[in-house]
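Q: If you count the sequence shown from 1, position 62 lands on 62 in my numbering, and the numbers rise without skipping.
Since the hints were made in silico from the structure, they are not lab data. Computed from a predicted model, the values in this text were never measured in an experiment. All C-beta atoms in this analysis are idealised placements derived from N, C-alpha and C, irrespective of residue type, glycine included.
Restraint ranges, calculated between C-beta atoms of paired labels, are given here: (1) Lys-65 <-> Leu-25: 18 to 24 Å; (2) Val-60 <-> Val-20: 27 to 33 Å; (3) Gly-45 <-> Ala-8: 17 to 23 Å; (4) Val-20 <-> Gly-45: 28 to 34 Å.
With a Cα cut of at most 20 Å, we get these calculated PhoX-like pairs of lysine-lysine: (5) Lys-12 <-> Lys-43; (6) Lys-42 <-> Lys-5; (7) Lys-42 <-> Lys-28; (8) Lys-51 <-> Lys-28; (9) Lys-65 <-> Lys-28; (10) Lys-42 <-> Lys-10; (11) Lys-5 <-> Lys-51.
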Amino acid sequence: HVVLKSEAGKTKEFQVVGTVEADPLEGKISDESPIGKALLGKKEGETVEIKTPVDTTSYVVADIK
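Hey, can you work out the whole structure from these sequences and the hints?
A: Here is the structure:
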């Protein structure tokens, strides 16, 4: 589980799982997805940029469970 905090103070929580277990509606994202790839190897306090088709947002890794 990874908890991300945006500059605006909003938080998002994801569980990075394998491709077969992925279920975005339940917050389970694939380690092969763009978000999963961006999160791999990050530590608490590091900044991660998540790119979507709409925009790019920066988050700070607030917690890793």
